[in-house]
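Number of protein chains: 2
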Amino acid sequence: MHSFTEENYLKTIYYLAARQEGEVTTNSLAEMTATKAASVSDMLRKLAEKQLIHYKKYQGVRLTEEGERLALKVIRRHRIWEVFLAEKLGFGWDEVHEMAEELEHIRSEDLVQKLDAFLGYPQFDPHGDPIPSPAGQMPTVEYTKLSEVTIGEEVQVMGVLEHSPEFLQHLDKTGLNLGCRVLVQDVNAFDKSVSVQINHEKTLFVSNEVARNLLVN
Amino acid sequence: MHSFTEENYLKTIYYLAARQEGEVTTNSLAEMTATKAASVSDMLRKLAEKQLIHYKKYQGVRLTEEGERLALKVIRRHRIWEVFLAEKLGFGWDEVHEMAEELEHIRSEDLVQKLDAFLGYPQFDPHGDPIPSPAGQMPTVEYTKLSEVTIGEEVQVMGVLEHSPEFLQHLDKTGLNLGCRVLVQDVNAFDKSVSVQINHEKTLFVSNEVARNLLVN
DNA sequence: AAAAATTTTTAGACTCGTCTAAATTTTTAT
DNA sequence: ATAAAAATTTAGACGAGTCTAAAAATTTTT
Chain A
1 MHSFTEENYL KTIYYLAARQ EGEVTTNSLA EMTATKAASV SDMLRKLAEK
51 QLIHYKKYQG VRLTEEGERL ALKVIRRHRI WEVFLAEKLG FGWDEVHEMA
101 EELEHIRSED LVQKLDAFLG YPQFDPHGDP IPSPAGQMPT VEYTKLSEVT
151 IGEEVQVMGV LEHSPEFLQH LDKTGLNLGC RVLVQDVNAF DKSVSVQINH
201 EKTLFVSNEV ARNLLVN
Chain B
1 MHSFTEENYL KTIYYLAARQ EGEVTTNSLA EMTATKAASV SDMLRKLAEK
51 QLIHYKKYQG VRLTEEGERL ALKVIRRHRI WEVFLAEKLG FGWDEVHEMA
101 EELEHIRSED LVQKLDAFLG YPQFDPHGDP IPSPAGQMPT VEYTKLSEVT
151 IGEEVQVMGV LEHSPEFLQH LDKTGLNLGC RVLVQDVNAF DKSVSVQINH
201 EKTLFVSNEV ARNLLVN
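Protein chains in written order, with UniProt numbering: chain A, 1 to 217; chain B, 1 to 217.
Simulated from the structure, these hints should not be mistaken for laboratory data.
Any given hint might turn out to be false.
Since copy identity is lost for identical chains, a pair holds within one copy or between any two.
[Unchecked claim] Below, computed lysine-lysine pairings styled on DSSO-like, alpha-carbon distance capped at 27 Å: (1) K173 <-> K114; (2) K202 <-> K145; (3) K114 <-> K36; (4) K173 <-> K88; (5) K46 <-> K114; (6) K88 <-> K114; (7) K36 <-> K173; (8) K202 <-> K173; (9) K57 <-> K36; (10) K50 <-> K173; (11) K56 <-> K36; (12) K202 <-> K36; (13) K36 <-> K50; (14) K46 <-> K202.
Quick caveat, the model's predicted, so the values are computed rather than measured.
Please construct the entire structure, taking both the sequences and the accompanying hints into account.
So this is what it looks like as structure tokens:
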């Protein structure tokens with residue numbers, strides 16, 4: 001069995017590897033896990049001993065197959081719990097992450113399996129992130145950032161890149177929810193902000209900052 | 001905030017105080033928490049410093065008001081999660097305890113409140129144990145042990161004193177489930193075993209050991 | 001290509017919760 | 001009432017995970 005903390009490191013390494021190009025560094029891990037680089041170094045040595053990561057001193061880190069399997073298990077649990085919290089308990093998509101950070105560490109194969117069934121085998125969490133399969137496969141999705149969509153195209157909001165409550169609450173306020181249709185009317189040449197029409201109704205101005213963090217198809 | 005471990009000690013002290021007459025001792029805590037007496041001593045000093053227990057060396061231990069409030073909070077979470085696992089996910093009453101031991105430590109007032117609402121504000125957990133109120137009151141129930149019921153009386157199974165999976169599975173096998181009606185037909189003078197009729201159908205012999213652990217009204 | 005800056009690792013220490021072994025207090029038995 | 005037994009606490013240690021400060025390696029700058 002692996003500790004709480006080890007699971008968090010593996011999960012974080014997975015996220016950083018997926019997000020960044022290049023190696024996952026000690027510093028980036030320290031930042032993500034809100035610890036110090038020294039602590040990360042210690043833990044990397046430990047994870048390497050357990051064969052969960054490939055690690056050469058000063059050279060960054062990569063998950064082994066076993067490490068990735070574990071990371072995806074944790075991510076699967078996290079996202080399934082998020083669906084439960086949002087769909088069954090009525091929490092907002094800006095609230096579910098924090099609770100799921102704790103729930104993801106409850107270790108019972110049976111529990112997550114039954115929960116998955118109870119929820120009807122959801123494919124995506126409340127932020128549009130795909131849920132890894134029980135076998136440990138991360139579904140591939142190819143979405144585009146709203147900031148890349150050309151004028152005149154109509155797309156649908158499928159997910160977010162930024163998961164902070166502040167960002168999600170901002171989307172709630174402006175009505176940019178998952179699944180809503182967005183017609184790109186204009187792109188401002190100066191600041192790259194986007195003028196969009198939502199659900200064939202109201203028109204909205206979306207900053208480039210926001211558009212870069214909205215995933216559409 | 002209090003640690004996982006502290007919560008477990010408080011909960012255990014509460015249970016032992018309710019179950020036993022007299023003081024809760026270091027040894028009984030050590031047995032219940034599957035640790036050694038020395039570890040318990042250390043923790044008691046710590047809990048006393050935090051004013052969660054009344055503690056004089058060599059003299060046993062009692063929860064303070066604040067300690068009891070916390071213990072009941074944990075027990076409430078535990079039992080609500082048990083209801084969820086049994087009613088919504090379809091786990092047996094012999095399976096829910098272990099998972100609830102982990103879930104009870106998830107700290108979000110909001111979560112337990114919403115879960116409670118989702119479950120329709122249940123009054124009892126799957127073993128018939130009452131669920132403490134949000135304000136931290138343990139409902140009083142006065143049940144009788146089946147072993148105390150006089151011949152000819154018909155009663156209903158309301159709960160269990162023994163919570164081990166083995167005991168619960170035994171009850172499942174013999175059909176002695178929560179809510180079933182039990183008519184006491186005879187009591188064996190020698191071994192105090194009880195002959196009962198269940199739901200006006202089949203007749204069953206129940207050992208005194210089992211009868212002493214079955215709560216009826 | 002050497003110096004400076006940055007990143008990473010090591011060394012040593014701390015907290016939490018646990019342990020064993022020894023000391024102390026309380027209880028029980030004679 | 002005192003000795004023996006049992007329960008409890010203290011002392012000292014350990015592993016996990018963290019920290020700060022210092023050392024070492026790597027990268028960037030000049």
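**Request:** Using 27 Å as the alpha carbon limit, work out where K88 and K114 are close: within a copy, between copies, both or neither.
**Result:** both (14 Å within a copy, 9 Å between copies)
**Message:** When Cα atoms must be at most 27 Å apart, do K173 and K114 count as within-copy, between-copy, both, or neither?
**Reply:** Between copies only: 23 Å across, 34 Å inside.
**Message:** Within a copy, between copies, both or neither: which one fits K173 and K88 at a CA-CA cutoff of 27 Å?
**Reply:** Only inside one copy: K173 and K88 sit 22 Å apart there, 33 Å across copies, limit 27 Å.
**Message:** One pair to classify: K50 and K173, alpha carbons no more than 27 Å apart. Within, between, both, or neither?
**Reply:** Neither: 46 Å inside a copy, 43 Å across copies.
**Request:** Evaluate K114 and K36 at a C-alpha cut-off of 27 Å and name the case that applies: within, between, both or neither.
**Result:** neither (38 Å within a copy, 36 Å between copies)
**Request:** Up to 27 Å between alpha-carbons, please classify K46 paired with K202: within, between, both or neither.
**Result:** For K46 and K202, the Cα distance exceeds 27 Å both inside one copy (54 Å) and across copies (60 Å).
**Prompt:** Between K46 and K114, at a C-alpha cutoff of 27 Å, which is it: within one copy, between copies, both, or neither?
**Reply:** Neither: 33 Å inside a chain and 39 Å across chains, both beyond 27 Å.
**Message:** Within, between, both or neither: how does the pair K202, K173 come out at a Cα-Cα threshold of 27 Å?
**Reply:** within (13 Å within a copy, 62 Å between copies)
**Request:** Classify it for me, K202 with K145: is the Cα-Cα distance of at most 27 Å met within a copy, between copies, both or neither?
**Result:** Close inside one copy (21 Å), not across copies (67 Å); limit 27 Å.
**Prompt:** When no copy is named, should K36 and K50 be tagged within, between, both, or neither for a Cα gap of at most 27 Å?
**Reply:** within (22 Å within a copy, 30 Å between copies)
**Asked** Between K57 and K36, at a C-alpha cutoff of 27 Å, which is it: within one copy, between copies, both, or neither?
**Response** Within one copy only: 17 Å inside a chain, 40 Å across chains, cut-off 27 Å.
**Asked** How would you classify K56 and K36 at a CA-CA limit of 27 Å: within, between, both, or neither?
**Response** Within. Shortest intra-copy distance 19 Å satisfies the 27 Å Cα cut-off; inter-copy 41 Å does not.
Of the numbered hints given earlier, the model fails hints 3, 5, 7, 10, 12 and 14; all others are met.
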